Amino acid sequence: MGAVLFLISFAGGNVIDFGQSIPKKIMGWESAGRDMVYDRKTLFDYLDGGAEVYLAFDFKQVFVRKFKGPAKGELALDIYDMGSPEEAYGIFSCDRQDPEAGIGQESEYGLGLLRFRQGRYFVSITASDDEQKAEKTILELGKVVAAKLGPPGASPALLQCLPETGLKKNRTSYFHGPVNLNNRFFVASENILNLDKQTDCAFAEYALNEKETGNLLLVRYPDEGRAQAAYQSFCKSYLPEAMQTGTAQTENLKWTMARLRKNYVAIVFESPSKEHAERLHSAVRYPQK
Amino acid sequence: MRSVFTPPSDIPKNEVSMKQTLTRRDFIRGTTLAVLGTTVGFSQESAAPLKKSRVIVIRHPDALDENSQFNEKVIQQMLDEAVMKLLDQNDPVAAFRRLVKPEDIVGIKSNVWSYLPTPPEVEKAIKRRLLDAGVKEENIGIDDHTVRTNLIFVKSTALINTRPLRTHYLAGMSGCIKNYIMFDISQPAHHPDNCADLGSLFNLPQVKGKTRLNILCALTPQFHGRGPHNFSRRYVWNYKGLIVGQDPVAVDTIGLRLIMAKRRKELGPAQELPPVPKHIQIADTKYGLGTSDINKIELIKLGWSDGIMI
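So the protein sequences, as listed, match chains U and V. Numbering of the first sequence is given in the numbering used here, commencing with residue 1 and proceeding in unit increments. Numbering of the second sequence is given in the numbering used here, commencing with residue 1 and proceeding in unit increments.
Honestly, the hints are just simulated from the structure, not real lab data. What you are looking at is a predicted structure, and each value in this text was computed from that prediction instead of being measured. The beta-carbon is built from N, C-alpha and C at its ideal position, and this holds for glycine as well. Please note that the accuracy of each hint is not assured.
Claimed, not checked - Simulated restraints, written as ranges between beta carbons of each label pair:
{"#": "1", "chain 1": "U", "residue 1": "E30", "chain 2": "V", "residue 2": "E103", "range": "45 to 53 angstroms"}
{"#": "2", "chain 1": "V", "residue 1": "N295", "chain 2": "U", "residue 2": "N209", "range": "39 to 47 angstroms"}
{"#": "3", "chain 1": "V", "residue 1": "D193", "chain 2": "U", "residue 2": "P70", "range": "40 to 48 angstroms"}
{"#": "4", "chain 1": "U", "residue 1": "K68", "chain 2": "V", "residue 2": "P205", "range": "36 to 44 angstroms"}
{"#": "5", "chain 1": "V", "residue 1": "S186", "chain 2": "U", "residue 2": "D196", "range": "19 to 27 angstroms"}
{"#": "6", "chain 1": "U", "residue 1": "K72", "chain 2": "V", "residue 2": "K286", "range": "44 to 52 angstroms"}
{"#": "7", "chain 1": "V", "residue 1": "K286", "chain 2": "U", "residue 2": "A32", "range": "41 to 49 angstroms"}
Said to hold, decoys possible - With a Cα cut of at most 20 angstroms, we get these calculated SDA-like pairs of lysine to any residue:
{"#": "8", "chain 1": "U", "residue 1": "K262", "chain 2": "U", "residue 2": "Q228"}
{"#": "9", "chain 1": "V", "residue 1": "K73", "chain 2": "V", "residue 2": "P120"}
{"#": "10", "chain 1": "U", "residue 1": "K136", "chain 2": "V", "residue 2": "R233"}
{"#": "11", "chain 1": "U", "residue 1": "K236", "chain 2": "V", "residue 2": "R25"}
{"#": "12", "chain 1": "U", "residue 1": "K254", "chain 2": "V", "residue 2": "I28"}
{"#": "13", "chain 1": "U", "residue 1": "K72", "chain 2": "V", "residue 2": "V112"}
{"#": "14", "chain 1": "V", "residue 1": "K73", "chain 2": "V", "residue 2": "N90"}
{"#": "15", "chain 1": "V", "residue 1": "K52", "chain 2": "V", "residue 2": "K301"}
{"#": "16", "chain 1": "U", "residue 1": "K72", "chain 2": "V", "residue 2": "S114"}
{"#": "17", "chain 1": "U", "residue 1": "K41", "chain 2": "V", "residue 2": "P192"}
{"#": "18", "chain 1": "U", "residue 1": "K133", "chain 2": "V", "residue 2": "V236"}
{"#": "19", "chain 1": "U", "residue 1": "K197", "chain 2": "V", "residue 2": "D193"}
{"#": "20", "chain 1": "U", "residue 1": "K41", "chain 2": "V", "residue 2": "D193"}
{"#": "21", "chain 1": "U", "residue 1": "K72", "chain 2": "V", "residue 2": "N67"}
{"#": "22", "chain 1": "U", "residue 1": "K133", "chain 2": "V", "residue 2": "N67"}
{"#": "23", "chain 1": "U", "residue 1": "K66", "chain 2": "V", "residue 2": "W113"}
{"#": "24", "chain 1": "U", "residue 1": "K236", "chain 2": "V", "residue 2": "F27"}
{"#": "25", "chain 1": "U", "residue 1": "K66", "chain 2": "V", "residue 2": "S114"}
{"#": "26", "chain 1": "V", "residue 1": "K265", "chain 2": "U", "residue 2": "R184"}
{"#": "27", "chain 1": "U", "residue 1": "K66", "chain 2": "V", "residue 2": "V112"}
{"#": "28", "chain 1": "U", "residue 1": "K72", "chain 2": "V", "residue 2": "R233"}
{"#": "29", "chain 1": "V", "residue 1": "K127", "chain 2": "V", "residue 2": "E72"}
{"#": "30", "chain 1": "U", "residue 1": "K254", "chain 2": "V", "residue 2": "F27"}
{"#": "31", "chain 1": "U", "residue 1": "K41", "chain 2": "V", "residue 2": "S186"}
{"#": "32", "chain 1": "U", "residue 1": "K254", "chain 2": "V", "residue 2": "E272"}
{"#": "33", "chain 1": "U", "residue 1": "K25", "chain 2": "U", "residue 2": "M36"}
{"#": "34", "chain 1": "U", "residue 1": "K41", "chain 2": "V", "residue 2": "Q187"}
{"#": "35", "chain 1": "U", "residue 1": "K254", "chain 2": "V", "residue 2": "A270"}
{"#": "36", "chain 1": "U", "residue 1": "K136", "chain 2": "V", "residue 2": "G227"}
Unchecked claim - Under 7 angstroms between C-beta atoms, here's a sample of chain V residues computed to sit facing chain U:
{"#": "37", "residue": "T21"}
{"#": "38", "residue": "L22"}
{"#": "39", "residue": "T23"}
{"#": "40", "residue": "R24"}
Extracted from the complex, chain U is given alone in its bound form:
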């Protein structure tokens, strides 16, 4: 814990300002204990098992404040400086499943957990127990915090490549590394797509018709050589019967189809038909250059 930065001694970085600008009392809940700031080296001290999920992005620092309730219970306010709006979108988008809460640029709320993004910040407010009693305070605190985070920011440019028809926007994720892919959509126990911080990935779900869905993974590699190697690695591990075509009907009678184009690898998973998979592939809007 020696490397943990206590707010009072923290120098540099904008998250220190939140200690002053965010109220210490809200709806009967009061700040408890010292505000804390964790960086890339100390995040392990705060997140048990979740640190790698953040470190796979361009995470800079997180400001943490705990609140105690009037009776019992605790709220944890975390404000993550993700370095850019694109990265804030990324961490928000990888773990999304609850209804929109109308806070910040994009948000969701479900049983004691508020998550939202605003500009380069990603925020989570978590209740440790008695979630229903804490709900109003969580949402109010979220609104107050969102107002302190500056203007909204852009979404990742890679998302512009995704076909629009049928796209479930609230089920679209952006990330870089295999830990995020496997928490979002398990593909393989080993890193068969050779993902790392230099790769940009978009994973999107599509409503192909009223009943059927499909999934598209689009990966942008730093160069064509890495894309080609990753494509071959994927086919070898996942579609060994289709090394030449990159297309196979899997055991659930659905189709997986991988395509290589310049420095991009696109894979349609579990499409109900070969035609649907082809249609989705052909609708990917690759950059002209």
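On the provided structure of chain U, position chain V as indicated by the hints.
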């Protein structure tokens, strides 16, 4: 005589390569468990003459009350019955005397994760039986984050390993194997490759050869994680069970099967597995810590059977 678990030497190592890639297609084929080194069907009545790792799953409908508060008396009863069955004893104190000697210095390695800690009622139940077995109170310690410097743990001659069962973003599952991560100076050092080498923790000098009992608390297990802290009460359920054994790999293997069964039911077959908990199999195949092969585990189920899932 003390009963210290030793991996059965007549069990051949799993033939599955440690680096064998498990893919989504293994889920689709329904062969996930086979690739993980386990088989789908239990065979408790198997005639195979192999010595098996015994694991007790014990459940009680009153382990938690209507307000989800732990029932200390019932939990003590569950622990007693589990340990008696595990060691073929008719008395809980006699059973614990098989695990520890009065002169032992015993560390109870607990878990203090704020959202889902080891219940104090479980810690008390263990401590009570250690005292009954003759261990001096001053020679019993309960700790998590400071085990490396806690004098009881530094001098310990025996360890009892207990923690709640839950999923984990990186390791896939947090069980008895992962619970020893605080014995190492660096926790992040164990994170590469989805925490594949957690089994090495059991070779640390402070730990090696000392573990007498593993108690995986499945009273309120967590089968899925959300948010930065990987916790949402939506994914915690009142299973009201304990998974008890001397082989930490076998105990975690049963815990994993429970998590997978719950995920299959609640989240669907496509999300049966959290990120692959490869460390469990590797603790078997690379570190020889125990067995992850379900055919080499003698699973004994005691008590309440509604919704047992495994």
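Item to complete: Against the structure, test the hints numbered earlier, and report the numbers of the ones violated in rising order.
Response: none
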